[in-house]
Amino acid sequence: MAEAMLEVTDLHKHFTLHGDLVSRLAGKTQTLKAVDGISFRIESGETLGLVGESGCGKSTTGRLITRLVEPSSGDIRLKGEDVLQFEGKKLLESRKAMQLVFQDPYSSLNPRKTIMQILERPLEIHNLAENWTTKRERVLELLNLVGLGREHVDRYPHEFSGGQRQRIAIARALAVDPEFIIGDEPVSALDVSVQAQILNLFRELQEKFSLTYLFIAHDLSVVRHISDRVAVMYVGKIVELGPASEIFANPQHPYTSALMAAVPEADPKKPAPRLTLQGELATPIDPPPGCRLNGRCPKATPECGEITPPLLEQAPGHFVACHNI
Amino acid sequence: MSDVILDVEDLTVSFHLKRGVLTAVNGNSFQVQRGETFGLVGESGSGKSVTARAIMRLIRTPPGQTSGRISFDGDSLFDLTEKEMQDIRGRKIAMVFQEPMSALNPVFTVGSMIDDVLRTNLGMTKGEARERTIELLRMVGIPSPESRVNSYVHEFSGGMRQRVMLAMALSCDPTFLIADEPTTALDVTIQATILELISSMIERFNMSLLFITHNLGVVAHACDKIGVMYASHLVELGDKEEIFEKPQHPYTVGLLNSIPRMDVTEKWLTPIDGYVCNMLEPPAGCKFNPRCPHAMDICREQIPEWKEIAPGHFSACHLHSMS
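From first to last, the protein sequence lines are chains D and E.
-10 is the number of the first residue of the first sequence in our numbering; add one for each residue after it.
142 is the number of the first residue of the second sequence in our numbering; add one for each residue after it.
Treat the hints with caution; some may be incorrect.
In silico DSSO-like pairs for lysine-lysine, Cα to Cα no more than 30 Å straight-line [stated by the list, open to error]:
| hint | chain 1 | residue 1 | chain 2 | residue 2 |
| --- | --- | --- | --- | --- |
| 1 | D | LYS197 | E | LYS408 |
| 2 | D | LYS259 | E | LYS381 |
| 3 | E | LYS159 | D | LYS68 |
| 4 | D | LYS259 | E | LYS387 |
| 5 | D | LYS102 | D | LYS79 |
| 6 | E | LYS387 | D | LYS258 |
| 7 | D | LYS85 | D | LYS258 |
| 8 | E | LYS224 | E | LYS267 |
| 9 | E | LYS408 | D | LYS259 |
| 10 | E | LYS159 | D | LYS102 |
Don't read these hints as lab results, they were simulated from the structure.
Since we're looking at a predicted model, the values are computed, not measured.
Model the full assembly from the supplied sequences, consistent with the hints where possible.
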């Protein structure tokens, strides 16, 4: 098999919660298992969509890969190199290959810097421009790539709309010529008419620079649209992973099907959204053994409360973690 | 009794700010029939929430300035005294907001807040109010309401908070409910349960609903009739089926085309070009003209007329006068 762009193996991130003074004195702590043993790989040039509800650990996963948060255990390999071993200069260099685009373009851009200053910063950090002229040229080129122009270069972020700001954030990520971009809900804060523009931009850039994407989102139709393969997360675990077309046409895990049935589609003839699960989202704090969906799942059997189902290949490339399929 | 419960006529709301005059709602008219669910859709800043606040007379003047006419169940709302309006709020028209965490008071238990509403509006005693509160919480699906009544807002999850809001809104048995983005802050699975709850409550109490949202998927299932707003103007209005199957205004068409769909796998989406105009300096003529693929000279000069293009289907676009 060819070398993957990214390979994540058995990645964990557990946060220790100390609670109030009484429980601290009693030496009682709780563990929040934000990411609890996930594995996946992303091939070069493809888009993996990571979907799940708030608190399922999808954003933490993005931050672990870029080492903005240090994992508790596990293995992350970027083009075969062990990301967790990177230190100092090497870590800095790895960030040239791997960039992040965040959800909220209002808080991810410094309001006191002009667009020029925002975009030249990565060039300076990574020594990518020899002098002022090449720097300015490169910034203009970046703006052009994301559909903005020369006239925008000396303005401040507040002078732009949400969609334009997200274009600037994308330009900043592109500045270092990365191969791999992690988008953490990059279109969730945008209105639909603009969201479509930005999704098209992601596609366009991918074709132009053969980029690899990890696209984190909660909106299933957005994920369906942009991804080649999809991973569905529920409370720290990947419950289903496979080609987007497969997963959406033929969801295997009860959680995936529930998620899809709950989406209101913009077509009155489609069935009304409904919830096929009982109760509310399980908590990642000291989760009980067994399947995380146990207790909400219509298919649950006694086994589900005891043994955590492993993620197994049910069809070529289609993995499901469920005892009852 | 007439069939129209809410009649909004030529509603205009503008705000006089230091930087200029911002017209948030611009001469819009629509009606909601008794028992109907009316969805008001539009993107951020289009004026949907301001419309709702104007109906409740919650626009602070100054800087706000409201004109037009709103009649609700025979009363002309702008002619009422503040005292009379107070009787309508909560008792006849109730409202559910997007962010229950900021709409509910964090320092009171949810029980005491709902008790308060019942005691002020319906003159109940402490005991009666508590009994009714527990009943309301049970009705909106809060498990073990007898103990949860003493919990604070932060002890509830997002979906449960929205249920509490709904219980409070329904406490005085209103005839009209305004829901302003009630599911926007929620995950889809929770959204599905809240939508289901709202529609069952509407049916049970025989209420009319004004549902404000930016999500076309939600209106497709929660509403009978839809009004589409763009940059302060109502641009299209009609039955749900008409709007989704035969959209007439270029903005509505563009909006429907922009949505990625779960069952269609086209490589490229068809977005609307450009961005929403700056509401302090809106373009002349039709506000949509800078983004419209069909824009003509007249669009840059005159605001298009609000026309009935099919029975019950209204739209404001110069294209309709061409053909």
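Evaluated hints:
no., hint, result
1, LYS197(D) x LYS408(E), "15 Å, holds"
2, LYS259(D) x LYS381(E), "13 Å, holds"
3, LYS159(E) x LYS68(D), "55 Å, violated"
4, LYS259(D) x LYS387(E), "17 Å, holds"
5, LYS102(D) x LYS79(D), "28 Å, holds"
6, LYS387(E) x LYS258(D), "14 Å, holds"
7, LYS85(D) x LYS258(D), "47 Å, violated"
8, LYS224(E) x LYS267(E), "24 Å, holds"
9, LYS408(E) x LYS259(D), "22 Å, holds"
10, LYS159(E) x LYS102(D), "25 Å, holds"
Violated hints, in rising order: 3 and 7; the structure is consistent with all others.
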